[in-house]
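> This is what each chain is made of:
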Amino acid sequence: MQRRTFASGVFLLFLLIGLLPIIVMVWNAFTGLDMATVKTLFSEKEVSESFFNSILLSTVVALSTTFFGALLGVLFAKTDFTASRFFLSLLIVPLLIPPYIIALGWIDIVGVNSAVSSLLFGFGGTAWTLFSVYLPIPIVLSMVFLKQVAPNLEDAASLYTNNIAVLRSVTLPLIMPALVLSFLLVFILTFGEYSVANVLRYRVFPLESFVRFSAFYDFKAALILALPMLLVALAVLTVERVFVAKKLFKLKEPGRINVMRLQKKHQIFLVLLLGLVTLLIVILPLLSLFLRIPDLATLAAAFSKAWIPLLHSFLYSFSGAALLTVFGFLTAYIIAYRVIPYWRFFDASIVFLLTLPATVLAIGLILLWNRPMLDMVYASALVLIFGYVAKYLAVATKMSQHRLLQVPASMTEAAEMSGANWFDVLRYILLPQSKKTLIAVFAVSFIFTFRESTITMLVYPPGYETLPVYIVTQMANGKPEMIASLCAVMVLSIVVPFFILSRRRTV
Amino acid sequence: MIRLKKLSFSYENKNILDAIDLDVKAGERLVLLGGSGSGKTTILRLIAGFMAPGSGEIEIDAKLVSKEGRVIVPPYQRNVTMVFQDLALWPHMSVGENIAFGLKMHKIPAKEREEKVRSFLVLVGLPGYENKSVEALSGGEQQRVALARALVLSPKVVLMDEPLSSLDEALNQRLRKEIVALQEKLGFTLVYVTHNKEEAQEIAERIVEVNNGRIVERSMDTLSIH
Amino acid sequence: MKLFPLLLASLIFVSCSKEKDTQSVTVYVSEDQVFSEPVLKAFEKQTGIMVNAVYDSEESKSTGVMNRLIAEKNNPQADVYWANEPIRAEVLRKKGILAPYESPNAKGIAETFKQKEHFWTGFSARIRLFIVNEKATLVPTSVFDYAQADFRSKGVIANPLFGTTTSHIAALFTLLGDAKTKAFLEQMKAEQVGIATSNGESADLVASGKYDFSLVDSDDAVSRLKQHDPVTLVYPDQKEGELGVFVVPNTVMLMAHAKHPEAAKKLIDFLLSPQTEEMLAFADCAQIPLHKGVKMPKELKAISEIKVMSVDYAKVADELIKIQPYLKSWLAK
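Residue numbers (our numbering), protein chains in the order written: chain H, -8 to 498; chain D, 4 to 229; chain X, 3 to 335.
Among these hints, one or two may not hold up.
[Stated by the list, open to error] One-sided excerpt, in silico: chain H residues whose CB lies under 10 Å from chain X:
hint, residue
1, 37
2, 192
3, 313
4, 465
Keep in mind the hints are simulated off the structure, nothing from the lab. Ideal Cβ placement from N, Cα and C applies to all residues, glycine included.
So that you can see chain H by itself, here it is in the shape it has in the complex (with noise of 0.2 Å):
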């Protein structure tokens, strides 16, 4: 097969599984609309005040994630720090879960009544909420790239100044792109995160076009309310192109680096200060939400009543990660190199499906999907997985995307000197030189469809729902006790699988 013809036929899967409901659901919406009816929704207030809120927090919970994450990159993959695997391993918890559990647990804490539930409920506590939910994104990229970066770039440079004086002049430089990667990843979901905005209480745009779903049952509202997201997605597919695409150096791969040696009193005094950081943003909410089990046998009640909800989630997450991996990796390959003329209108097609917000994807999937002749794809979990990979495709793409454009041209030239055509090149060559970054797409495609709620509310198989969707009912006036409990399940089942695989990784 030709080059061309599969890339081609990758890219109308794409158009099948993402764009295709998002042109279903526009061509719904925008049959029979006058620009009256966009006018009035965009003048409302509400509107206006939830965009500028969300813009707002997602601005606020970027920014301070990408600066702290870029700090404890440092720290965790330049010092000689002894602590940093104790502490990556645990600020990393409140990615691994889905995110309305962390603000459930400063509730808990806080209490709907007390002197402090104004700071908690509002913007506050959403944004410090997100910033701990967030924060290991940045802490990991900023890591991966630091690691590349070739140590006798720094050792020229440390001839004439001092560790810190590289590390501002030349080693932050050379990851800027991971910086600014960190800050449109973070600033995306944050802005497309409504669950915790909803838990405390603060208007943000997603919850609005989710309310015009709610209170009016009005597709064509909510739709037009996606529109700005447009908007969002292009200013972001912008700032990748002039600062990630233009200066993205070539480093090297992972090796040896240069490792800044602290003293002790140094280590004594980043292990408190990161003691208490930790404390603040992951024990203190999970340790409380968790004290409201009042005995093991609510706990086993809880995970009796869990265990068929998790089993789901694992085979839905499983195969949406696996299938994320293998689209993402030949997404990558096709934009990469440019293997198709339209391949610009891939990369912003994935981008925009990122930043969509997740009710409309799935309305536009059961639009799309849900006809006597296509069962097998709606009445089953097929359609879920759609959603899954056309919501991540973007992460598992970027990702894998950064690989292949690490290794040297020199290497797939010699292996088509040797008489290897396209496929062998992409199968001998360059599957197996991304192997370690395709077990971490998978990683990371796991654990954004382990704790997705949205796209699975709407179209999950009836009977078949996955544990996050089953605590979000659960919520709604289940005893506390239970809910806390179902929250330490579903922690468990992510948090421990996690780190024993990670350990036996890396040993």
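Assemble chains D and X onto chain H, guided by the hints.
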């Protein structure tokens, strides 16, 4: 064997090659000599088929392989191999796998592959290295693996892009001799790129100087005066 | 890549994970899962028919399930919809998504709580009542006390754009007409009523003493009582000549083109039985049975002992959409 006709190439509005003509005879050792940015590597990459010329034609073995913006015959069907400046050994494969890759792509049976790999490792002076990791080898050893990988397919043309530039002087000199010996033994056409005049003189039967995208035929004698 | 066969296997498994037997029924549920799931389990046990359910979440109350039902209109997956109030039932009826079914078990339920052409039937109800802080010096007895100067800035109400509060106000519009209701609402605003995001929040605000009283759903009030918050319950408008309390029954309905119509009807019959009403009365939601003579906890008043607001829920649903712009401008004032 190789014929370049009025070959031009430009990149981002900069002329890299300007209507060059060049004939390489079968079995000849030709060296392209030039400084960095002269366009000599571009000539190699055009012959290999990694890029299409802006204008002009390339013939290999009297067959048109590239023409004005088009690669007609893809690299793997040109019977051309190459040794890269950075060697481009695949780190995820062993020495043996690196060398056998081309044979595998040409559907040579496993047994025959093993024999060929073994004999070529002997040829380049690395007997018994099959199962070693390429990353564990010294610079000179990696160089020989890259050579074996390029030669194992018995190509008609071998392109070498500054293959010795990262080696120390002694090793560099030794390998020059070995390359010449291998070429004489196997009889392939060699197009060799370097910026080092001494190296050029030792390798070449004929030297062509590349300068600012144009080429100048140099006799071996005039070169030695410099 | 070892992942490929695994991926294929899991995709195949995922794509046939749904059973297609006739001995099952698919129900979408907006009543809280904690209360509805035991009822559905009891049905499974009693009939042997497997129930595949989709539950609503609190955050998406009416979103998840309602939008799913509407989006799935052309190829309904649900056989039965169990809503926790009648307004959505009316919305679905008008969209032509429902089919009529007259359950034999609906006989004992008052006509007010049933759709005339049997498109939906009400059962186990919440009522709208006052939760009052024990320290309050003045206790309201009528919804209209919100507009009295005596209760200035003492009352709080959930955002009238959402949920049962909207229905309640819409019901007032159908009974009193535009002019009177708007005058009441204006006066209420003038007396500085507080606005909370939900009934739950307004119940909390009363429990904590920030406000003296609030109109909430009976389940919100009962749950605060059970937590031993310092509050009491007041049934408003019970006197001669007053309107009576606004009742919000659960509703159950059959979907048009249901794939399992027989099992669906059995489930509807079960939900409309006194047995289900008894379960829901003794559950934490403490819902009031609409059949006569159903056993219920002592704290609850039987529906026959309460003066009930007589409304046409179909009209309420119409009114609800009409008054949206007004309510928005009212909120913004």
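> Does the interface hint hold: is residue 192 (chain H) within less than 10 Å of chain X, judged Cβ to Cβ?
Because about 5 Å separates residue 192 (chain H) from the closest Cβ in chain X, which is inside the 10 Å limit, the hint holds.
> Close enough to count: is the Cβ of residue 465 (chain H) nearer than 10 Å to one in chain X?
6 Å, holds
> When the nearest CB of chain X is found for residue 313 (chain H), is that gap smaller than 10 Å?
The hint holds - residue 313 (chain H) has a Cβ within 10 Å of chain X, the shortest such distance being about 4 Å.
> For the hint on residue 37 (chain H), does the least C-beta distance to chain X fall short of 10 Å?
Result: holds, 8 Å to nearest chain X Cβ.
Going through the hint list in order, the structure satisfies each hint without exception.
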